[in-house]
Each structure stands twice: as structure tokens, then as C-alpha cells.
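*Asks:* Chains as they are written, first to last, in the working numbering: chain F, 1 to 300; chain S, 1001 to 1580; chain R, 2001 to 2322.
Among the hints, erroneous ones may be present.
[Unchecked claim] Beta-carbon label-pair distances, calculated as ranges:
1) S:G1232 <-> R:F2158: 51 to 57 Å
2) S:G1413 <-> F:V41: 50 to 56 Å
3) F:F58 <-> R:I2004: 58 to 64 Å
4) S:Q1131 <-> F:D61: 21 to 27 Å
5) R:V2024 <-> F:D61: 33 to 39 Å
Treat the hints as calculated values from the structure; they're not laboratory data. We put the beta carbon where it would ideally sit given N, CA and C, even for glycine.
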Amino acid sequence: MPESLQPVSPDLPAGVSGIGAAPGREALRMFVRNKAAIFGVFLLTSMLILSFIVPLFFDRDPGARVGGPHVSPGSEGGGLMGTDNLGRDIWTIVIYGGAATLKIAAGASAMIIFVGLSLGALAGYYGGWVDSLLMRITEFFQVLPGLLFAIVVVALFEPSYWTITFAIGSISWPQLMRLTRAEFLRIKNLEYVKAARAIGASDLRIITRVILPNALPTLIVSATLIMGAAIVIEAGLAFLGLGDPGSLSWGFAIGRAREFFTTNWWAVTFPGMAIFLTVLGLSLVGDGLQDAYNPKLRGR
Amino acid sequence: MKRMQSLQKLLALLLAFALLAAACGGSDDDDGVAAGGDDTDQADEAPADGAEDEAPADDAEDEAPADDAEDEAPADDEAMTDEDERAGGTLTFAFVSALRHLNGTVQSGYATAVPGTQVNASPLLFDENYQPQPYLAESWDVSDDGLTVTLNLRDNALFHDGVPITSEDVAFSILTSQANHPFKAMFAPVVSVDSSDPLVAVISLSEPHPAILMAMSPGLLPIIPKHIFDDGQDMKEHPRNSGDDFIGSGPFRVVEYDPSEVIRLEKFDDFFLEGYPLLDEIIIDIVPDPNTAILGLENGDYDMITSPNAAATQQFEEDDRFVVEAKGHEAIGQIDWLFLNTRSDVLSTVEARQAISLAIDQQGWRDIVQLGRSSANVTGIQNASPFYNADATNYDRLAPDEATALLESVGLGDGFELDMPATAAMLPTAEFIQQDLSAIGVTVNIRQVPDFPTWAAAVAGGTYDITYTQVWNWGDPVIGVHRSYDCENRIEPPGVIWSNNAWYCNEEVDALLDTAAATFDNDARQAAYFEASELINQDAPIVYLGKPDWYQIRKPRVQNPPTGIWGFMSPWHEVWLDGE
Amino acid sequence: MARIAQALGLILAVIVLNFTLIHVAPGDAADVIAGDQSASSPEELAEIRARYGLDDPFVVQLGNYVGDVVQGDLGESIWDGQSVTSLIFDRLGATALLAFSALAFAFVVGVSIGTIAARKPTSLLSQLITVLALVGFAMPAFWSGLLLLIFVAVKVDFFPVSGNHDLGFEGNWFESLLDLGQHLILPALTLGFIFLAQYSRLSRASMLEVLESDYVRTARAKGLSERSVVFKHGLRNGLIPVVTILGLQFGTALSGAILVETVFAWPGIGRLAFDALLRRDAPVLLGVLLLASVVVIVANLLTDLTYRLIDPRIRVTGGVNA
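Okay, chain F solo, but in the shape it has when bound (with noise of 0.2 Å):
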């Protein structure tokens, strides 16, 4: 069935998945000796540490002028990234973005994982007409045109922390429920679920105890390339000034700069480099975690 088959996220490949999957320690070294993924890592925890742990030392207000409208970076009064339309430290406002910006793409990926998860499980552990049902309803919500769609919900009804996380999730958890129940399809009918069934385990505690661990490996990957997702569609969003003006987000900063660019290209430039590298960091992990528990994709 073509369905099953699809690609569901850039980096799994039409048909292949956890078979095989390697042993814990197996695929950490494989991680390990990943140069690419170890790169992931280091970028990742930096974005990390930039945005929880150095506010904690900084005592500065990001709204805050600190100097002359759109002063360069390096230059007299400019900080070490310059300022804004308003005066405001680039630096700071890096620093204090990246908080809000891991925030709202954490909650959209928790609305993503948890009902293209249960969705998918559902789907795939039951068949029938529960499956029919829900891939009709996927189906559905695959058809609306991505971040269209999320523009139009979020201008709608007003950009608010809740409004931009339901949009983003609504357009993004199809993906999620397709793998998923991939996943079960393919793992229901191993020997050790049909060995749990005989014994007489309940649906919900094969579900939960015995499929979900093994198709963790790929839902993990799959997490991860979620919330780089979402944080370059919340970008976009803020981008086209469909931000949420409390949280301050690095896509809030660009699309506030963006009137300005010509004169002032630093504003969008920085907080944008800060999108990029979380998302790369992201993206190479997942990388990493999908080649380490693939055998067929170890290099020879």
C-alpha cells in the first residue's frame, strides 16, 4: 500500500524502519562516531545553555533602549550584534528569544506527538474501520495547504501563544500519525506481540508496553525533526507578523525587524542565525540517532 510506504519525514527512507534495530550501546557508539551528530550535539546544548541558563546571570530587560536606532554591530553604543528600530541590544534580545521560541515549538510538538501518536497507535493497532476512520480524518488535514492554513488560523483569530501552537500543530501531527501507524502495522504482527496476546495482556498495555518501546527508536528521530519544524514554521509565522508580541521569540525579533532591512540587516540576520543553528542542532541529532539505529545505513 502505497500509504505505508510514503516518506514521512527527510530522513527515513520509503520502507525502511526500526527492523533490526540495534542494541542501546550498539547505537550510542554508532552516535558517537558520528562526526556529523556529535557536531548536532554541541550546537544543541549551546542554544540550550544560551537560552536557559546564561539569562539567569544576565540581569537585562531586552525591551529595554540601550542606545541609538540602528546602530551597527562593533560600532560605538552598537553591543556586539547592534541594535534595533528602537534602540534595543540585538545580543539581549538573542539571548532572551530563545527561551520563547523553544517554548511555543515545545508545546506545538506535545500537541503533535500526543495526537499523532494516539492517532496513529489507534490506526495502526486496531485496522478496520477505526483505521479507516482516522485516515480519512488525516487525510483530511493533509489536504490543507501547510502553513497557509496555519496563516490563516492564526490571523484569524488573533496571534497568541495558544492560537500559533494549535496552528502549527493542526498542519504538522498528520505527518506524525502516518509514521506511527506504520510503525504498528509493521510491529504488530512480530512474534513477541502475538506471544503477548496469547497470554492475554490487554490491548492498552501491549500498546503502551510493548509496541511503542520498539517503534521509539523512529518516533524519537521523528521528534526532533517536529521541533525544528515548528520552530522555523513559528519563525515564518512571526515573519509575516502573525507573532506573539509577549513572547519575544527569535521569529517575533526578525519580523519586527523586517520593515528595516535595508537600512538595518543585522536585526534580522542574528536572531535568525540563532533559528538556525538550534534547527541544524536538531536536525543533525536526529540524523544521528536515525543512522545509529539503522544497520543498513552504517557506512561500509
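For this one, chain F is given, so just place chains S and R on it according to the hints.
*Replies:* Same frame as chain F, but now just chains S and R:
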């Protein structure tokens, strides 16, 4: 344009097939990306050098039209030679506004007026001293009692379809405006317009109406063809309001009309001012956002733009290739201000409002947000107007301590919250005042709305505490100023944007405004407006942030640029191009 | 086919959902028009609403709309009265061109990179390629677009800074084509970068499998040249998964194009929809949403069909583990 669209569709189809073929075929890669070839020199697209003149302009004499000729608009020089070497050329203009159609009798606003004044003529033009000049009307007269205004039209004026322009068209236009135009104050006192003489329009008023002459400015009273429009259809939605086939009375005619892309105008050969217009063609490029205008100008794609923001102005001032001028649009009298909703809980207390004004650093706002390109304006009347009371009581000074004291005196010492809806464009100001007000314990909650209608609905409906906007004087205070203060202009929700959104009412002020509206005596008007401003300011329903300088940025080759009091909202018939 | 019926049902559901959303949200087109007038009375507001049927009950409005759509009438823009269909089709070519170019770029470069990496999976080159490809995925499209604008288009004369053609351009067909292409480069690159990651990784993984498969080993054993093996036999099968998502990506590309269109002022339907949204111009917005959904549905259908066609072939050869 159409060619571009077909090209695109063709290419897209080709690419699609190519992709499909790649899938089935396997080894061939084809991509349809048409690599750009030669470097088309973008510096000038205007083919012309204006060498040969088309418009013969031999009888150069009847340019400076007879009678009331003060000096005609800007330095209209000596170069009225017989062979007009200035003639010819294409002017390209980047236009960041979204317009709905070209009929200014039923629609207000900059978006309609800029192209509208090129294709439609008004009875009068206005010079730098706000004095009326002949245009479609060769001469005019206001009776001593102020109840009759007579316009004498030119006898050689034609619409773009060759039909002569008569007083019937003038009558039709005035009455259409009276019935449909949002600015009711312009022609409200008109009782009738007599058009028995085809070249004379006699307007009868119910009371003296000093604003009536100003109301005949290019953007406010375009003369539209009765024979096209008078067919019983609703003027606001009339199909002839726009389109390639738009028939107007102005110096340029519509060649191509695509309101989301471009409007192309070409010179109307039978324009009533012989020898004009000087330009052959105007291309108005409708541009989706200001950055495109800025980049395009930098790239040489455009001849002129209005500066979208102070930072852009600064950027171009430092660029030798362009001329930046803070001239033009003075009549508009745009004031940047903050509406305070006097109906809301806290803001119904005058001390609270005064405190807010004292806590906000207006000068700082002008320096930082407008990069200094804005002047102090302490009343609702713009500071270039003879009716501007510079000495009116105001709370524009920065005095946060005084503000705190005021708040404490009315029991608001603990601070309070204000709801502030703001679109993305308003955000810098919102954030600025948010900081300033937090210093006196006032928390501004910025509610960012993504689009104009949501914002307008909130403000018009009174569901806001404080908000930032720009309000225009529109020449005479009667047209653009009274609406913000008239007790009668407080409109119940859903309300109307840019009416009396502060919900202000002071009977004394109303009386003064009414007085000023009904007399031609400028001294009396000034006295009335001065006193009204004083009273209003004491009540402080509005925080005036400043009056922005309005910049034009253009290539040096643009001569006689439209820098009059109406700026771009005035015909560009005297604009010419000197070289590339 | 049942699939077609399903597809129609989906389309209907999309219409209803979007219509409801727009209707439920605060504000409507009358506010926009009134605001544009910069003054107008409540009577006029009411009149505007009546004129566009904005004060009819929801179900009536919905019914009218669906009825119209079924007859092929997408209505008229509330903002300026133009026919929605013509508005959309005028701009559709631009977006389609942009999307196709981006995908073509990503496809070609991605597959090439992936194939190279598949031949030498552990080399530094391969790893570097991996990282570089992910860079494209990690960069928000508008950011890379802005960077390209600021640091390339503005500085280098060759690249135009906006739009899809030079203003006042006079020239023959060929010159117009070149002009178009010149304007297309940066936007297409920006959009294509996003998909580059996907295609390169996908094809790498897929090609890896294929090149190790029995089928290919046999071909090698037969003595066929390496080139022939890789290109003719390897690619053909290895590309299947890539093509599969290609069809589905079009919907994403269409959607992602809105950011690129904004940055480069590319006159496509993404921008049209966004402007319509900000003006509460429901007919235009609904028209675009509808079109985008239809495109995705059709692409899905086609992909399914193509897959079914290719499918038996795979089974027969039994080679690729696809």
C-alpha cells in the same frame, strides 16, 4: 504583463512535464530553470530622452491662464519655449498603497487620489500659499454673503473620450460626492448646482462654507463624466469606476489598469492645458511592501517614491544618486497621535490622561522612531496651518514625576493596565510608549492584530484603551479636524474609524467649531480654533506625538516634481524628465 | 473510482472548514472597506454588508458559496470587484513556475548529491554533504531569502531585487524569457533549498539500498559498465521513493512559496491569499485555499496512480526492497 503570465504558465507546464519525465525516464536530468542571460541594464527602462517633442505647444501663451494668475504652482519657468524640449519620457513611480478604484467622488484616501488626480481634473489647483489656482475652472467667484460660488469653466476641456466637459458634469460630480463621499463636511451645505450655462456652474449654499474652495482640490473633487456614470447604478460600485476603459478629465488617460500590479497612464493629447502634460507616460507600479519600493529605487527601477519610513529616508539621504526632499503634502497635515478612550474606566479621569501624556517622551519618540524627522504638534490642527495655536496648554513635556503625582492625586498611584491594539506597523510606537509608561506604573498590554480591519473594528467599536494612528487634516480643518472632536461624531458601536474615537464631547468646543465652519472671516476662524484647541488640550483626550515630515525620494532627472501642498495627490502635468 | 468520490468529499470538507473559519473570526470585509474610506457611517457599513450578503445567516452564505463553486463560479473580490477566478489564474502561473523550479532544482541537485554520497557512504564528502543538505532544511526560507536579497541581489547588479519582470520591459519573446529567468533564480534557489535536504537524503538512502541489491549485483556481474549500472538500473528504481514524495511536495511548495513570494515580491497566489486574508476578502482567500487543496488532492491521486503503475514492475523483478 499578459505575456509574462503566459510565459510563466508555459514554463511551469514544461517544468512539470520535465519532472514527470525524469521520474519515468531515469537517467536524464532536465531542469527548466531558464538561466538568466544578458545583464539587462536596469538603470533605465525609460527609452526616452525626450529629445523630440510631440506636444507642439506653440501657443505657449495661454498656459499661464488669464485672470487670477498668481504665480502658478512651482517655479513654472521660463522654459515655456515654443518647441518644448522638456516633453516626453516615461516616469516610473513605486506605489505602496492598495487602491480599489479611480473615482474620487465616492472614495477618500491617498490610494485613490494619487492615480486619480492624474486621470481626473478638479476645478482648482492650489499653490504653495494655499491659494486657489485655475485648473478646470478658469476663474471663480464667491458672493459677498458667501452663499453662492460661481465657477467659470474652460471652453476647450474634453473628457478622454472626446466629449466636452460642461457644468453639468461639475454639478453631477458635486452631488455625487455629497451623497457618497465619506467626508460629509465637504459639500454638506450645497443646496443645488445650476448648470444652465454649460460653461458656468453656480453652486448655492445653505450657509457660508469657507471650506468649499479647498474641497475643490484635485484629490477631493475630481470631475467625472456624467454621460458615463449617470445611469442609475450605485456610484460606489459602478463598473466604470475602474478599468482600462476609465474615462476621466485629467492630463493622463488609463492604458493599463491592474490594481494589484501596475497602472499605466499615457498622455492625453487633448488636455485642456495646451502643451501639457509634459510626460508621455506614467507607470505606477503597485508594490506589495515598502521594502520593495526601497530596493527597487536603489536598483534604479523607479524614478520616485514617497519615503516609507524614517530609516529609509536616512538611507537615501546618504546616497548621492538620489534627491531627498521634505517638501510636498503639507496640506495633508498628518498628525501622529494616540487616541485615549475617554469612555474606559481609568481614562475617563482627566488626570490619568494628562499623566499619560506627561510620562511619554514625545520628543524622544520623534528622535528615535522618526529619526528626528517629525516636528512637535501640540493640537489637532497641524502646525503649518494659520489656525495652529502653538501656545495652547499641553502636556507634551516629559515629566514622569509630575505624572506620578497626578495619578496619586486621584487614587491611581498603584498603577493600572491599558489595552492597546496594534498592527505590525504600529508596533514600534506601541513598544516605545510601553516602556515609557511602565516607568509610572502603567502597564500597556499590546494586543497585536495582524490586519487593519481587526484593529479598525476595535478602535471604532471602542474596545480599546489607547491606540496609535495617523489622522489627516485634509486641508481645511472642517474636512479633517472636526470629525475627531464633534460630539455628534461619536458613533455607537460598531462605530466608524477615524471619527470621534476618543469619545470626546465638550459643548463649548462644539460651538466654537461650528462658528469656525460657517464664516469666511479668517480672523474669526482663527480665534475660534485657538480657543477650541486650548479647551481640548486641557481635557487631553489625545496625545499628539508629532507631525512627520513627508519625504519624496527621486532621481535627479525628475524636474518640477510634485512638491506642492497636496504632493502626489495633485496632477503631474508639469513634471518633466531631464535625461536618464 | 471510489478514490475520486473520496477526493470530492475532501474538497467539500475543505471548503466548509475554511468558510466556517473565516465566518467565525472577528471582523469582516465591510470593516476593511469602511476603513479604506477613512470615514463612513454605520448606515454605510450596514449597506456594504447587505450588498455583499455579509449579513445573511451563515448557512445561507455557505450554501450560496458552495452552490456557486460547483458551477465553477468562485465569486468576486469584495475589495475591488475583480473575478476571483481571473485573479487566481493570473497569479497561478507565477507560483507554479516558482514551485516547479524550486522542486526541479532540489530534485536534480539532491539526487546527484545523494547518489554521490551513496557510492561512498563513509567518506568525509558524504558526511559534509549530509550536513550541507541539512543546512537547507534548517534555514527558514524567509531568512535565507532575506540574506540572499541583502547580500547578493542588492550588491550584484545581475540579480533583480524584486518581482518577476523588469518594469516597462520592452523586448521580444526570447528576451522576456530571459528576463523572467533572471528574476527567477534567487527565489527558486531559496525555496528549493528547503527540499534539497529531503531529496539528497532520500536518494542517498534509497540508492544505497539499490546499489547493494541483488538486481544491481547481477547487472554488475553481467559485466555492465559501472555507469550503466548506476544510471540506468540504479537510478530508475532508486528514484521511486523520491518521486513519490515529489508529487506530495507540491502542496508544501505551494504553501512555502508564500514566504518567498513575500520576500522577493514575486506576484504569486501565496501573496494574493495573504493580502486577501488581511482584507477579509473571503471569496479570494477561499478561492486560493480551495485551489491549493485541490492541487494537493490531485497530486496525491496522480502519485497513487503512478505508484500503482510502477508497482507491478518492482514485484516482477524482485530487486529493490521498496
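*Asks:* Within 58 to 64 Å: is that where the Cβ-Cβ distance between F58 (chain F) and I2004 (chain R) falls?
*Replies:* holds, 60 Å
*Asks:* For the range 50 to 56 Å, tell me whether the beta carbons of G1413 (chain S) and V41 (chain F) fit it or not.
*Replies:* holds, 53 Å
*Asks:* Kindly confirm whether 51 to 57 Å is satisfied by the beta carbon distance between G1232 (chain S) and F2158 (chain R).
*Replies:* holds, 56 Å
*Asks:* Does 21 to 27 Å hold as the CB distance between Q1131 (chain S) and D61 (chain F), or does it fail?
*Replies:* Taking Cβ atoms as reference, Q1131 (chain S) and D61 (chain F) lie about 53 Å apart, which means the hint is violated.
*Asks:* Is the hinted range of 33 to 39 Å satisfied by the C-beta distance from V2024 (chain R) to D61 (chain F)?
*Replies:* At 38 Å between Cβs, range holds.
Hint compliance for this structure: hint 4 is the single one not met.
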